[in-house]
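**Q** Plus 2 on top of the position in the sequence shown (first one is 1) and you've got the numbering used here.
It is possible that part of the hints are untrue.
27 Å max Cα-Cα, derived DSS-like pairs, lysine-lysine [stated by the list, open to error]:
no. : residue 1 : residue 2
1   : Lys17     : Lys33
2   : Lys17     : Lys60
3   : Lys28     : Lys48
4   : Lys17     : Lys55
5   : Lys17     : Lys48
6   : Lys17     : Lys28
7   : Lys48     : Lys33
8   : Lys60     : Lys48
9   : Lys33     : Lys55
10  : Lys60     : Lys28
11  : Lys33     : Lys60
12  : Lys60     : Lys30
13  : Lys30     : Lys17
Hints are computed from structural coordinates only; laboratory data are not their basis.
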Amino acid sequence: MPTYTIFAGVNGAGKTSIYNTIYYEKNKDEKRINTDEMVERVGSWKDSNLQMKCAREKIL
């Protein structure tokens with residue numbers, strides 16, 4: 003069964019900074035899902051449906 007580590011919080015809380023500075027070095031082999039980055043490539047971050055769609059596609 004897969005294990006997931008979730009960094010959750012409002013925009014600007016520092017999730018990506020924590021990931022890049024602390025977490026990544028010890029967990030390089032894990033997959034990363036950042037819906038903000040995915041949505042930025044295809045549409046608007048204001049579209050919550052697009053956020054969920056991108057997350058689902060990456061997980062499944």
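**Q** Of the hints stated earlier, which fail here?
**A** When the structure is compared with the hints, only number 3 turns out to be violated.
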